[in-house]
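As a plain string of letters, each chain reads:
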Amino acid sequence: GGIITQTPKFLIGQEGQKLTLKCQQNFNHDTMYWYRQDSGKGLRLIYYSITENDLQKGDLSEGYDASREKKSSFSLTVTSAQKNEMAVFLCASSIRGGNYAEQFFGPGTRLTVL
Amino acid sequence: GEQVEQRPPHLSVREGDSAIIICTYTDSATAYFSWYKQEAGAGLQLLMSVLSNVDRKEEQGLTVLLNKKDKRLSLNLTAAHPGDSAVYFCAGPNNYAQGLTFGLGTRVSVFP
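Line by line, the protein sequences give chains Y and U. First residue of the first sequence: 1, per my numbering; consecutive thereafter. First residue of the second sequence: 115, per my numbering; consecutive thereafter.
A couple of the hints might just be wrong.
Stated by the list, open to error - Quick list of in silico lysine to aspartate or glutamate cross-link-like pairs, DMTMM-like style, CA-CA up to 25 Å:
1) U/K151 to Y/E102
2) Y/K41 to U/E153
3) Y/K41 to U/D141
4) U/K151 to U/E173
5) U/K151 to Y/D59
6) Y/K57 to U/E119
7) Y/K41 to U/E116
8) U/K151 to Y/D30
9) Y/K57 to U/E172
10) Y/K22 to U/E153
11) U/K185 to Y/E102
12) U/K185 to Y/D59
13) Y/K57 to U/E116
14) Y/K41 to U/D198
Stated by the list, open to error - Among chain Y residues calculated to face chain U with C-beta under 8 Å, some are:
15) G13
16) Y33
17) K41
18) Y48
19) G58
20) A87
21) L90
22) E102
23) Q103
24) F104
25) G106
Simulated from the structure, these hints should not be mistaken for laboratory data. Where is the CB? At the ideal position from N, CA and C, for every residue including glycine.
Can you make the complete structure from the sequences, with help from the hints?
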C-alpha cells in the first residue's frame with residue numbers, strides 16, 4: 001500500500017499572503033490532483049498534473065499556482081489569500097489519468113485566513 | 115461536461131437499518147462512477163467504482179445500482195453500523211477527462 005502526505009495539516013494566513021501547500025505520494029502514481037473543498041459546495045478541481053513537470057488547469061485555477069517538482073510531489077500556492085477564507089485543500093493521485101482512474105486522497109490541509 | 119446531483123444532504127439511520135443515497139447525472143455517455151467516504155477530519159476514501167456497463171455491484175455490505183435509463187446511481191449501505199457515520203460522495207468524470215466531478219455529499223449518521 002501507499003500513502004499521501006499533506007503538509008501542513010493546518011494553515012493560518014493573513015490577507016494578501018502567499019501560501020504554499022505540499023503533497024507527497026509514494027504510490028508511484030502518474031497523475032496528481034488538487035481539489036478545494038468548501039462547506040456545502042463539494043469538491044472542485046484546482047489543478048492536476050499527469051506527469052512530472054506537467055500542469056493542467058481545473059475549474060478553479062484562478063488565484064492559484066501549482067508545481068509538479070517530481071513524480072512524487074505536487075505543491076499548490078495560494079497567490080494572495082482572501083480575508084475570511086476557509087477551506088480544505090485535498091491532494092489526490094491516481095495510477096493513470098482519464099475517466100477510469102481511481103483516486104486516492106490525502107488527509108487535507110485546512111486553511112484559515114484572518 | 116458531467117453534472118452530478120446528490121440527495122439527501124443528511125441521513126439519519128438506526129443501527130442495523132439500510133441507508134440509500136442517490137445521485138443523478140446529466141451526461142448519458144458517462145462511462146464511470148465512483149463512491150467515496152469521508153470521515154471527520156480525513157480525506158476521501160474510495161469505496162467502489164463502477165463502469166457504465168454494470169447495473170449492480172456489491173462489496174462488503176455496500177450495493178451500487180446504476181440505472182442508465184433514468185441516469186441514476188445509488189449507494190445502499192445495508193445493516194448500517196456506527197462506523198458508517200461519515201459524509202459520502204458520488205463522483206463522475208469531469209470536463210477535463212481527468213479528475214472527477216463530485217456531488218455535494220450526504221452526511222450519514224448512524225444511531226443506536
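Hints and how they fare:
As the CA atoms of U/K151 and Y/E102 are separated by approximately 13 Å, the hinted pair is consistent with the 25 Å bound. Using a Cα cut-off of 25 Å, the hinted pair Y/K41 and U/E153 holds, with the two alpha carbons roughly 17 Å apart. At roughly 20 Å between alpha-carbon atoms, Y/K41 and U/D141 fall within 25 Å of each other, so this suggested pair holds. A threshold of 25 Å between alpha carbons decides the hint, and for U/K151 with U/E173 the separation of about 14 Å falls inside it, so the pair holds.
In summary, the hint linking U/K151 to Y/D59 is supported, as the alpha carbons are separated by about 23 Å, within the 25 Å threshold. Simply put, Y/K57 and U/E119 have alpha-carbon atoms about 23 Å apart, close enough for the 25 Å limit, and the pair holds. At most 25 Å may separate the alpha-carbon atoms for a hinted pair to count; Y/K41 and U/E116 meet this at roughly 16 Å. A C-alpha spacing of about 23 Å is found between U/K151 and Y/D30, which places the hinted pair at or below 25 Å, so the restraint holds.
Between Y/K57 and U/E172 the alpha-carbon distance is near 35 Å, which puts this suggested pair outside the 25 Å criterion. Between the alpha carbons of Y/K22 and U/E153 the distance comes to roughly 22 Å, so the proposed pair stays at or under 25 Å and holds. Distance check on the hinted pair: U/K185 and Y/E102 sit about 21 Å apart at the alpha-carbon level, within 25 Å; holds. Note on U/K185 and Y/D59: the hinted pairing holds, with a Cα-Cα distance of about 24 Å set against a maximum of 25 Å.
For the hint pairing Y/K57 with U/E116, the CA-to-CA distance comes to about 17 Å; that is within 25 Å, so the pair holds. At roughly 22 Å between alpha-carbon atoms, Y/K41 and U/D198 fall within 25 Å of each other, so this suggested pair holds. Below 8 Å, beta-carbon pairs count as interface contacts, and Y/G13 has none with chain U, the closest being about 20 Å; its hint is therefore violated. Contact between Y/Y33 and chain U, as hinted, is supported at the beta carbon level, the nearest pair being about 5 Å apart and thus within 8 Å.
Checking Y/K41 against chain U by beta carbon gives a least distance of about 7 Å; that is within 8 Å, so the hint holds. For Y/Y48, the interface hint holds, since its Cβ comes within 8 Å of a Cβ in chain U; the closest pair sits about 5 Å apart. Look at Y/G58: its Cβ gets to within about 6 Å of chain U, closer than 8 Å, so that hint holds up. With its C-beta approaching chain U no nearer than about 14 Å, Y/A87 sits outside the 8 Å limit, and its interface hint is violated.
Given hint, Y/L90 at the interface with chain U, holds; its Cβ is 6 Å from that chain's nearest Cβ, closer than 8 Å. The interface hint given for Y/E102 is met, as the beta carbon of that residue sits about 6 Å from the closest beta carbon of chain U, less than 8 Å. Hint status for Y/Q103: holds, given a least beta-carbon distance of 7 Å to chain U, under 8 Å. Restraint check, Y/F104 versus chain U: the minimum CB separation of about 7 Å is within 8 Å; hint holds.
For the restraint placing Y/G106 at the interface with chain U, the shortest Cβ-Cβ distance is roughly 5 Å, inside the 8 Å limit, so the hint holds.
Hint check: violations occur at hints 9, 15 and 20; the rest are consistent with the structure.
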